[in-house]
Amino acid sequence: MNSKEIFIKAIKLEKTPRVPVTLLSGGVWAFNQRGMSLGDSFALAPETAAEIIAETNEAVRSDIIWAAAGCNNLAIRAIGGKANFHKKGVSSDIAEPLIESAAEVDKLNVDRLREDDGINAMLSTTKILARNIGDRTMIGNSQWGPLTLAGLILGTEKLMRIMMKDKPAVHAMLEFTSELCYRYWELFVNAGAEFVSMAEPTASGDMISRKQFMEFTMPSAQKIRGRIADKVTGTMIHICGDITKFLDIIPEIGVSVVSLDYKVDLAKAREVLNGKIAFTGNMDPVAVMQDSSPGDVAAKSRECIEKAGLDGGYLMMPGCDLPPGVPLENLKAMVDTAHSYTM
Amino acid sequence: MSDKNVIFQKLADAVVEMEEETAVALANEVIEKGLDAYEAIDKGLSQGMEKAGQLFEEEEYFVPELLMCSDAMYAGLDVLKPHIKSVEQGEKHKVVIGVIEGDTHDIGKNLVKLMLETSGFDIIDLGRDVPPQKFVDTAKESDARIIAIGTLMTTTMDGMGEVINILNNENIRERFKVIIGGAPISKNFADKIGADAYATNAANAVQISRELLSIAH
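If you read the sequences in order, they're chains A and B.
Per the working numbering, the very first residue in the first sequence carries number 1182; after that it's consecutive.
Per the working numbering, the very first residue in the second sequence carries number 2; after that it's consecutive.
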């Protein structure tokens, strides 16, 4: 059974011959290994970028290759935002909010996604990856979820204020950002990605209440999941921070997988999610993946498997994007442990 | 409760209840009645913000609620501040605060700033995407006691260690307490880079800053 088949079985909650194991994103990390920023990678010939990504994954052996990993902010740049991709080893960021007030969202145009050079470069790279290794490796794509996009476009503090003061304005923004996320995914799915993920750090349980999560995050996430579902093999939501208090309602979004940060206990996740949807994540990206020895990473990986159980539906993964300083040996230790663990 | 204390309590409640207009009306009432503006801030607005911080820590309030509380507090403060007699302000401990270079996420930093400010610290806010050297230079120039550094991203946290390296290289490490925080930060990371403390959230940052400077609550 190849890597892709194992991944698909796992997200369908079926038992697999070994523990599936993936990275989350890893774009900044992969190009940093070659002394490049993500911005540098846009300028590469798509064949070269695809080769670097495929070669990196031969060493790492992640069961997902994230096409355009770390490039979510290209969607903001495409509609007029200022995103910086040129700091080596550092994730891209948005320098300033794109609009002053939520009402200005009407002026933004989703059709401009196709005009961005970076997106076009990444789409070409995705096509090559899908053609060369897509038969045996799952090609994934990730975009910010609707609430996070709204925060990036308006400024997260402003968004949080109107969540209290002007809910219709928030819903109008979410309408736009849902379309933006969906249309970005659609481009990559048409280019060969078969798995899509939305990253919703702004919907973290450390930021908003359960009530706000149900009011703002759930409906928009449900909607775009529903629209993309029959075009892909699976869907995922990643939420940073502690989302223990949301776990029971997350299966209602309809995604195949929920990705958990290091703050959510896997035993608790299993208790709530077992048999409903697959779950992944939790390996601490800094304390374990970056700062521990390979031996300690392996021990932590075994602990994750034992907590998450072997009933099917658990995939090993770091709890968030990889810091640039994670040693390759530590990634190998995580992957080797998943591969060698006796089921 | 005296008339004065009733108004101060109402001011605190307006902050906790996120009622900006009420906070302004009550602050005006304080001035009209000739009550002490500094006392109204200390026993009214700051008390309210402290309570809001507690509710945040207890997970009753989240970021949206805390921001609304801070809006109410600042609205009241704008009215009262011009009426404070300067002699009452005394010497405040200075804190240089900012988000480390490469990171523009500043909600966490703003909440820490807010809570420290309402607890009587004098804040020098360097904003976001701040180079390590800038923290050190500003702390030196302003004779600050604490350098507070935040980041949300795993990819930028190493810049925090750089601030401490610079302090060590300039032989001034002992002059400042360095406190760090943010989503990917842990006590272990703080120990590893040689920071004095790690704060789990904004309310905790106040408590830790007081402990570091041995200030009685």
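Just so you know, not all the hints are guaranteed correct.
Label-pair distances were calculated between CB atoms; the ranges are [said to hold, decoys possible]:
1. Gly1435(A) with Glu60(B): 44 to 54 Å
2. Ala1448(A) with Glu92(B): 46 to 56 Å
3. Arg1483(A) with Asn170(B): 40 to 50 Å
4. Ala1410(A) with Glu142(B): 52 to 62 Å
5. Glu1296(A) with Ala26(B): 46 to 56 Å
6. Lys1346(A) with Lys95(B): 26 to 36 Å
7. Asp1287(A) with Glu61(B): 53 to 63 Å
8. Glu1228(A) with Glu212(B): 51 to 61 Å
9. Gly1261(A) with Lys95(B): 48 to 58 Å
10. Glu142(B) with Gly1407(A): 52 to 62 Å
11. Lys95(B) with Thr1425(A): 54 to 64 Å
12. Gln1403(A) with Gln134(B): 42 to 52 Å
13. Ala1448(A) with Glu61(B): 36 to 46 Å
These are calculated hints, taken from the structure and not from any lab test.
Note that beta-carbon positions come from the ideal geometry of N, C-alpha and C, so glycine has one too.
Tested hints:
{"no.": "1", "hint": "Gly1435(A) with Glu60(B): 44 to 54 Å", "verdict": "violated (27 Å)"}
{"no.": "2", "hint": "Ala1448(A) with Glu92(B): 46 to 56 Å", "verdict": "holds (51 Å)"}
{"no.": "3", "hint": "Arg1483(A) with Asn170(B): 40 to 50 Å", "verdict": "holds (41 Å)"}
{"no.": "4", "hint": "Ala1410(A) with Glu142(B): 52 to 62 Å", "verdict": "holds (57 Å)"}
{"no.": "5", "hint": "Glu1296(A) with Ala26(B): 46 to 56 Å", "verdict": "holds (51 Å)"}
{"no.": "6", "hint": "Lys1346(A) with Lys95(B): 26 to 36 Å", "verdict": "holds (34 Å)"}
{"no.": "7", "hint": "Asp1287(A) with Glu61(B): 53 to 63 Å", "verdict": "violated (36 Å)"}
{"no.": "8", "hint": "Glu1228(A) with Glu212(B): 51 to 61 Å", "verdict": "holds (57 Å)"}
{"no.": "9", "hint": "Gly1261(A) with Lys95(B): 48 to 58 Å", "verdict": "violated (39 Å)"}
{"no.": "10", "hint": "Glu142(B) with Gly1407(A): 52 to 62 Å", "verdict": "holds (56 Å)"}
{"no.": "11", "hint": "Lys95(B) with Thr1425(A): 54 to 64 Å", "verdict": "violated (38 Å)"}
{"no.": "12", "hint": "Gln1403(A) with Gln134(B): 42 to 52 Å", "verdict": "holds (47 Å)"}
{"no.": "13", "hint": "Ala1448(A) with Glu61(B): 36 to 46 Å", "verdict": "violated (27 Å)"}
Consistency with the previously given hints fails for numbers 1, 7, 9, 11, 13, ordered from lowest to highest.
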